[in-house]
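2 protein chains.
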Amino acid sequence: MRIAVDAMGGDFAPAEIVKGCVEALDRADAEIVLVGREEAIRAEFEKLKFKPDGNIIILDAREVIDSDESPVRAVRHKRDSSIVKCINMVRDGQADAMLSAGNTGALMSAALLYLGRIEGIERPAIVSAYPLLGRKGRFALLVDSGANAECKPSNLLGFAYMGSIYMSSAFGVKNPKVGLINIGTERNKGTALLKDSFMLLENSAVNFIGNIEARDIPKTEADVLVCDGYTGNIVLKLTEGVAWNILKLIKEKMTESLTSKFAALPFAAKLKSLKKDFDYSTYGGAP
Amino acid sequence: MRIAVDAMGGDFAPAEIVKGCVEALDRADAEIVLVGREEAIRAEFEKLKFKPDGNIIILDAREVIDSDESPVRAVRHKRDSSIVKCINMVRDGQADAMLSAGNTGALMSAALLYLGRIEGIERPAIVSAYPLLGRKGRFALLVDSGANAECKPSNLLGFAYMGSIYMSSAFGVKNPKVGLINIGTERNKGTALLKDSFMLLENSAVNFIGNIEARDIPKTEADVLVCDGYTGNIVLKLTEGVAWNILKLIKEKMTESLTSKFAALPFAAKLKSLKKDFDYSTYGGAP
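Chains as they are written, first to last, in our numbering: chain A, 684 to 970; chain B, 684 to 970.
Heads up, a few of these hints could be off.
The list treats identical chains as one, so a pair stands whether inside a single copy or across any two.
[Claimed, not checked] Simulated crosslink set (BS3-like; lysine-lysine; CA at most 27 Å straight-line): (1) LYS958 x LYS835; (2) LYS702 x LYS857; (3) LYS920 x LYS734; (4) LYS958 x LYS878; (5) LYS734 x LYS955; (6) LYS730 x LYS860; (7) LYS734 x LYS936; (8) LYS959 x LYS934; (9) LYS734 x LYS958; (10) LYS732 x LYS702; (11) LYS931 x LYS920; (12) LYS857 x LYS902; (13) LYS857 x LYS955; (14) LYS934 x LYS857; (15) LYS934 x LYS920; (16) LYS931 x LYS860; (17) LYS931 x LYS835; (18) LYS734 x LYS857; (19) LYS860 x LYS959; (20) LYS936 x LYS732; (21) LYS878 x LYS936; (22) LYS857 x LYS730; (23) LYS860 x LYS872; (24) LYS730 x LYS872.
It should be emphasised that the hints constitute simulated quantities derived from the structure, not laboratory data.
Keep in mind it's a predicted model, so treat the numbers as computed, not measured.
For reference, chain A alone in the conformation it holds in the complex (with noise of 0.2 Å):
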């Protein structure tokens, strides 16, 4: 499999980039070719004493578009750009994936205007892996999580599609379990895109549980959650926060003496686990 890497998209770019890239050759069998300033490519390769063999290459791309740019007007103007080079590989058939750490409006943007639409599916959404807790390992796909923040009812379907096939082939998930995100779960409850969205639902070929509500997220029977752009964001950064600093208290309360901080030995490693499951950093990427 060959994977086009945006080197100069995300924080620290492309040092960060080319580091990973260069530790991912080890674990995986995949060609990588890093996309971006060919100078900056090679000299981190220098830093790292690290000598490219045919795994890893580099092709030359002399713009880079900026985290706060307008994706838009960036993608249109910037055909030089790491973003659009990489996505655009895709396009030819050169490369099998892409993946980048810059600007996601940008990235949504080029996809949609360099590589198009599948056929029956009117938008692109970002999907998240949402922790279910108390189940080891397991977790919903939350689609879409913040590409689109206002839809039509047929993009919600949409996105129930798209999370039902990559949850079956990417995880092996058989027939997966959708829910609507809502604010009740009688199907007459919440806005108007989500009473249409029942209904499409309801009489689509996804496997549709019906509406859960935002108190049964953290334990949901289902294995794709659908909800508009803005939702998801609001769902996958409240829990972040509400988490992080649940954790961050109890953590406080356990060292805030020496006593506790000895009784609270048993746990910190628990904490810890816990802690890592909601940390987004764990869960950075998304498809």
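Model the placement of chain B on the given structure of chain A, informed by the hints.
Showing chain B alone in chain A's frame:
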């Protein structure tokens, strides 16, 4: 102060409502009017061996609005219901306030239909106290937390004014800080509703401090968090769900063996108080 209480609304009514009112008489200097089926209320007095004095009186109401009735229809047709009679007591100056644990939609509709709106306020809202983590007893007001699933920017401006006035007059907070729940801190973030609301709030007399990302809600500096009722419901219930599930998981870890049970003793009370902070029955009432 005279308070009209809907004796027939909520789980286990009228038994629990009557019991609560009898208890309240000992604690507060208020006069209570219990509104509902007189014979049912009297039967509860007898069970409690309570002899009503001048501080608690009964106003007979023959009809009851059930929790699953269509709100607007119910309040239009059931003029002799406990909810409508409570509202009308406030309208006619016979009571200073009213409370009900019954059908929330019917309560909102009855308020709109019989009590009417304050001039300049388009929509009533439900206000909840959102407990802030690690700040003993501090909370933010979440407006709207569920009355209006779909809103216009001017509705959110109204919520901001109501929340500010309530926070300053009921809790003595000077010049309350108002935040807008959004998916980013920049002014151009979010849906059309949020972009327009940002501009209205910025140019209003409230002390607007900008957008608040979901991740920052649990430790926000804002005294009033403004959002539509759909978002408010998601924020409130997701917080509850995440907090409860984490605390439950920690409790399980702590009690999974006898050794850990002993080690956990110093934290048991602390965890319990934290759990109480997130229990919706602690902050169950909502103006």
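Status of each hint after checking the structure:
In this assembly of identical chains, LYS958 and LYS835 lie within 27 Å of each other by CA distance neither inside one copy nor across copies; the values are 35 Å within and 38 Å between. For a Cα distance limit of 27 Å, the shortest separation of LYS702 from LYS857 qualifies neither inside one copy, at 37 Å, nor across copies, at 52 Å. Taking the shortest Cα distances, LYS920 and LYS734 never come within 27 Å of each other, neither inside one copy (40 Å) nor across copies (53 Å). Neither within a single protomer nor between protomers do LYS958 and LYS878 lie at most 27 Å apart by alpha-carbon distance, with minima of 36 Å and 34 Å respectively.
Proximity of LYS734 and LYS955 under a CA criterion of 27 Å is satisfied in neither setting, with 37 Å inside one chain copy and 57 Å between copies. Within a single copy, LYS730 and LYS860 get their C-alpha atoms no closer than 48 Å, and across copies no closer than 49 Å, so neither meets the 27 Å cut-off. Taking identical chains as interchangeable, the C-alpha atoms of LYS734 and LYS936 are never at most 27 Å apart, the minima being 50 Å within one chain and 48 Å between chains. When the C-alpha separation of LYS959 and LYS934 is checked against a cutoff of 27 Å, the pair qualifies both within a copy, at 14 Å, and between copies, at 18 Å.
In this assembly of identical chains, LYS734 and LYS958 lie within 27 Å of each other by CA distance neither inside one copy nor across copies; the values are 37 Å within and 55 Å between. For the identical chains of this complex, LYS732 and LYS702 are intra-copy neighbours only, at 11 Å inside a copy versus 77 Å across copies, given an alpha-carbon limit of 27 Å. Taking the shortest alpha-carbon separations for LYS931 and LYS920, both the intra-copy value of 16 Å and the inter-copy value of 21 Å come in at or below 27 Å. For the homomeric pair LYS857 and LYS902, the shortest alpha-carbon distance inside one copy (19 Å) is at most 27 Å, but the shortest distance between copies (40 Å) is not.
When the C-alpha separation of LYS857 and LYS955 is checked against a cutoff of 27 Å, the pair qualifies neither within a copy, at 32 Å, nor between copies, at 40 Å. Taking CA atoms no more than 27 Å apart as the test, LYS934 paired with LYS857 passes in neither setting, with 39 Å inside one copy and 33 Å between copies. Within a single copy, LYS934 and LYS920 get their C-alpha atoms as close as 21 Å, and across copies as close as 24 Å, so both meet the 27 Å cut-off. When the C-alpha separation of LYS931 and LYS860 is checked against a cutoff of 27 Å, the pair qualifies only between copies, where the shortest distance is 25 Å, while the shortest distance within a copy is 33 Å.
For the homomeric pair LYS931 and LYS835, neither the shortest alpha-carbon distance inside one copy (39 Å) nor that between copies (37 Å) is at most 27 Å. Taking the closest pair of Cα atoms, LYS734 and LYS857 never come within 27 Å of each other, the shortest separation being 43 Å inside a single copy and 64 Å across copies. For a Cα distance limit of 27 Å, the shortest separation of LYS860 from LYS959 inside one copy, 26 Å, qualifies, whereas the shortest one across copies, 33 Å, does not. For a Cα distance limit of 27 Å, the shortest separation of LYS936 from LYS732 qualifies neither inside one copy, at 46 Å, nor across copies, at 45 Å.
Taking the shortest alpha-carbon separations for LYS878 and LYS936, neither the intra-copy value of 45 Å nor the inter-copy value of 40 Å comes in at or below 27 Å. Proximity of LYS857 and LYS730 under a CA criterion of 27 Å is satisfied in neither setting, with 46 Å inside one chain copy and 56 Å between copies. Proximity of LYS860 to LYS872 under the C-alpha cut-off of 27 Å is restricted to the intra-copy arrangement: shortest distance 20 Å within a copy versus 32 Å between copies. Proximity of LYS730 and LYS872 under a CA criterion of 27 Å is satisfied in neither setting, with 58 Å inside one chain copy and 39 Å between copies.
In this structure, the hints that do not hold are numbers 1, 2, 3, 4, 5, 6, 7, 9, 13, 14, 17, 18, 20, 21, 22, 24, in rising order.
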